[in-house]
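**Student:** Sequence:
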Amino acid sequence: MIFIRRLTPDDLPHLRQFWKENWGDEFVVAHGVVYRPDNLDGFVAFDGDEWVGEITYTFLKDGCEIVSLDSLREGRGIGTKLIDAVLEEARSKNCRRVFLITTNDNLNALRFYQKRGFELVAVHRGAVNESRKIKPGIPMIGFDGIPLRDEIELEFIL
Numbered sequence: 130m131i132f133i134r135r136l137t138p139d140d141l142p143h144l145r146q147f148w149k150e151n152w153g154d155e156f157v158v159a160h161g162v163v164y165r166p167d168n169l170d171g172f173v174a175f176d177g178d179e180w181v182g183e184i185t186y187t188f189l190k191d192g193c194e195i196v197s198l199d200s201l202r203e204g205r206g207i208g209t210k211l212i213d214a215v216l217e218e219a220r221s222k223n224c225r226r227v228f229l230i231t232t233n234d235n236l237n238a239l240r241f242y243q244k245r246g247f248e249l250v251a252v253h254r255g256a257v258n259e260s261r262k263i264k265p266g267i268p269m270i271g272f273d274g275i276p277l278r279d280e281i282e283l284e285f286i287l
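The sequence shown: position 83 = 212 (the working numbering), numbered continuously.
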């Protein structure tokens, strides 16, 4: 059975390692901003004692930004439960919107978020090229052989 709980300081070493293995480093870059696990709120998903997903987010003056979402078992509702936890938290803080950035190659993410009520609001052309100046390890080619160059912003209005 999947259960969700808040990210704690004890989870940070695991999250850093997970990001390093799956995102290429212990930090992520979106719209020119460097995000590190230590500075983010989040939730983790477990199946028994096994870590099976995570979501990180931060509150900004214009809403709540989801920074990362990973499910290690797709198709079991883990990502949806993690998104729902953030939406509930954002509502409790009287946020007007929850938003996120993904990249032009991440068709699975675009499908996933739109099916859950997120809408496309902006395409930031060339933004990934700018992020490479901060994080040179970002590949030139992404999923399905698609050139990785643009950031796509999606939002959910609360």
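No lab work stands behind these hints, which were simulated from the structure alone. Values in this document were obtained by computation on a predicted structure and should not be read as measured data. One or more hints might be untrue.
What the hints assert, rightly or not - Calculated pairs, BS3-like style, for lysine-lysine (alpha carbon to alpha carbon, straight line, at most 27 Å):
| id | residue 1 | residue 2 |
| --- | --- | --- |
| 1 | K149 | K222 |
| 2 | K210 | K262 |
| 3 | K264 | K244 |
| 4 | K262 | K244 |
| 5 | K264 | K149 |
| 6 | K264 | K190 |
**Student:** Now tell me, hint by hint, if it's right for this structure.
**Tutor:** Here's how the hints hold up against the structure:
1. K149 - K222: Violated, at about 31 Å.
2. K210 - K262: Distance of about 34 Å is beyond 27 Å: violated.
3. K264 - K244: Distance of about 30 Å is beyond 27 Å: violated.
4. K262 - K244: 33 Å, violated
5. K264 - K149: With a Cα-Cα distance of about 12 Å, the restraint between K264 and K149 holds, given a limit of 27 Å.
6. K264 - K190: 26 Å, holds
Checked against the numbered hints given earlier, this structure breaks hints 1, 2, 3 and 4; the rest are met.
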